[in-house]
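The numbering of the sequence shown is the working numbering, which starts it at 437 and goes up by one.
These are computed hints drawn from the structure, not numbers from a lab. Computed from a predicted model, the values in this text were never measured in an experiment. The beta-carbon is built from N, C-alpha and C at its ideal position, and this holds for glycine as well. The reader is advised that the hints may include incorrect statements.
[To be verified] In silico EDC-like pairs for lysine to aspartate or glutamate, Cα to Cα no more than 20 Å straight-line: (1) 462 to 477; (2) 478 to 564; (3) 540 to 504; (4) 532 to 504; (5) 542 to 581; (6) 542 to 477; (7) 540 to 479; (8) 540 to 477; (9) 525 to 564; (10) 532 to 520; (11) 542 to 564; (12) 542 to 479; (13) 532 to 514.
[Said to hold, decoys possible] Simulated restraints on C-beta separations: (14) 606 to 491: 19 to 29 Å; (15) 444 to 562: 17 to 27 Å; (16) 574 to 496: 34 to 44 Å; (17) 653 to 570: 52 to 62 Å; (18) 574 to 445: 31 to 41 Å; (19) 570 to 528: 25 to 35 Å; (20) 540 to 498: 34 to 44 Å; (21) 617 to 576: 13 to 23 Å; (22) 583 to 444: 14 to 24 Å; (23) 574 to 503: 37 to 47 Å; (24) 503 to 606: 33 to 43 Å.
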Amino acid sequence: MISGIIGLPSSGKSLVLSYLAYRAIKGKSINFHGFNCTHFDKEYQRVYTNFPFQGAYQLDFDALGYAEYKNCLILVDELQMFADSRNFKNFGDNLKFFFSQHRKFKIDFLYATQSPDTVDKRIRSLTDKLYYIDRTIFNLIRIREIQTYFDIHNNLSLSYEYSSGLNSRYFYAPRLYKYNDTYSLIHSMINRPAPSALWDSPSEPSTIGTTTFNGKEVEILTDGNAYYTEK
Numbered sequence: 437m438i439s440g441i442i443g444l445p446s447s448g449k450s451l452v453l454s455y456l457a458y459r460a461i462k463g464k465s466i467n468f469h470g471f472n473c474t475h476f477d478k479e480y481q482r483v484y485t486n487f488p489f490q491g492a493y494q495l496d497f498d499a500l501g502y503a504e505y506k507n508c509l510i511l512v513d514e515l516q517m518f519a520d521s522r523n524f525k526n527f528g529d530n531l532k533f534f535f536s537q538h539r540k541f542k543i544d545f546l547y548a549t550q551s552p553d554t555v556d557k558r559i560r561s562l563t564d565k566l567y568y569i570d571r572t573i574f575n576l577i578r579i580r581e582i583q584t585y586f587d588i589h590n591n592l593s594l595s596y597e598y599s600s601g602l603n604s605r606y607f608y609a610p611r612l613y614k615y616n617d618t619y620s621l622i623h624s625m626i627n628r629p630a631p632s633a634l635w636d637s638p639s640e641p642s643t644i645g646t647t648t649f650n651g652k653e654v655e656i657l658t659d660g661n662a663y664y665t666e667k
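Modelling step: build the complete structure from the supplied sequences, incorporating the hints.
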């Protein structure tokens with residue numbers, strides 16, 4: 437089953453994913469009343485995440501469809517960074533195979549994103565269940581199921597609406613804090629220091645690197661515009 441969680445920043449997406457990872461690793465059910473997001477519950481041999489979590493295995497998203505993923509739960513935070521709807525040309529055949537055949541390998545795939553429109557359409561069309569997450573009073577995290585349907589009065593466009601109030605789940609946010617490090621980076625973010633060089637005056641261009649041009653090593657200088665000068 438493929439399920440998605442939609443929510444604005446700080447709505448609790450990462451908290452919930454971390455809590456589900458914890459329960460799955462412990463062999464506990466991750467399906468709740470109003471939040472029935474997986475099919476092979478409690479049958480997982482492994483849990484894969486793209487964010488650091490003790491007991492989970494590191495996910496290599498680009499290897500899906502190539503590597504032998506099976507009998508597992510896959511949790512992906514900020515899916516749009518790996519399957520951007522505007523970068524559909526880089527959605528490889530291996531990913532097409534994985535998302536169309538994941539059920540045969542007993543895989544549940546749960547993702548979080550800030551907006552469904554930013555996720556590749558092929559994943560959206562295969563998403564079984566969609567949930568909206570937000571914060572309410574008393575620091576409660578509310579998860580509401582979203583029903584998808586085709587609007588036949590608008591050229592068969594895909595539309596969304598909330599399910600009944602019974603299809604909602606609440607979590608008390610402070611109880612989930614221990615499962616998640618808010619400042620941990622997801623797997624695709626490169627861990628390198630931020631640049632420390634200051635921009636110099638345009639009248640005093642500085643060296644920002646070297647390269648090879650016409651067989652000669654040259655310095656790359658900048659005075660607002662990058663250009664080459666022979667070293």
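We went through each hint and held it up to the structure:
Distance hint between residue 462 and residue 477 is fulfilled; the C-alpha atoms sit about 12 Å from each other, no more than 20 Å. At most 20 Å may separate the alpha-carbon atoms for a hinted pair to count; residue 478 and residue 564 meet this at roughly 19 Å. With a C-alpha separation of about 12 Å, the suggested pairing of residue 540 with residue 504 holds against the 20 Å cut-off. As the CA atoms of residue 532 and residue 504 are separated by approximately 15 Å, the hinted pair is consistent with the 20 Å bound.
As the CA atoms of residue 542 and residue 581 are separated by approximately 23 Å, the hinted pair breaks the 20 Å bound. Among the hinted pairs, residue 542 with residue 477 is consistent with the structure: their alpha-carbon atoms are about 10 Å apart, no more than 20 Å. For the hint pairing residue 540 with residue 479, the CA-to-CA distance comes to about 14 Å; that is within 20 Å, so the pair holds. Between residue 540 and residue 477 the CA atoms are separated by roughly 15 Å; this keeps the pair inside 20 Å, and the hint holds.
About 24 Å separates the Cα atoms of residue 525 and residue 564, which puts this hinted pair outside 20 Å; it is violated. The suggested pairing of residue 532 with residue 520 holds, with an alpha-carbon distance near 14 Å, which does not exceed 20 Å. The suggested pairing of residue 542 with residue 564 holds, with an alpha-carbon distance near 15 Å, which does not exceed 20 Å. A C-alpha spacing of about 9 Å is found between residue 542 and residue 479, which places the hinted pair at or below 20 Å, so the restraint holds.
Between residue 532 and residue 514 the CA atoms are separated by roughly 19 Å; this keeps the pair inside 20 Å, and the hint holds. Checking the proposed 19 to 29 Å range against residue 606 and residue 491 shows it holds: the Cβ atoms sit about 26 Å from each other. In this structure the hint that residue 444 and residue 562 lie 17 to 27 Å apart at CB holds, the actual value being about 24 Å. At roughly 39 Å, the beta carbons of residue 574 and residue 496 sit within the given window of 34 to 44 Å.
In this structure the supplied range 52 to 62 Å holds for residue 653 paired with residue 570, their Cβ-Cβ distance being about 56 Å. Hint check: residue 574 to residue 445, Cβ distance near 20 Å, so the stated range 31 to 41 Å is violated. Separated by about 34 Å at the C-beta atoms, residue 570 and residue 528 satisfy the suggested range of 25 to 35 Å. A beta carbon spacing of about 21 Å between residue 540 and residue 498 contradicts the range 34 to 44 Å that was offered as a hint.
Roughly 21 Å separates the CB atoms of residue 617 and residue 576, a value that falls within the hinted 13 to 23 Å. Checked against the hint of 14 to 24 Å, the pair residue 583 and residue 444 passes, with Cβ atoms roughly 20 Å apart. For the pair residue 574 and residue 503, the beta carbons lie near 43 Å from each other, so the given range of 37 to 47 Å is met. In this structure the hint that residue 503 and residue 606 lie 33 to 43 Å apart at CB holds, the actual value being about 37 Å.
The structure shown violates the earlier hints numbered 5, 9, 18, 20.
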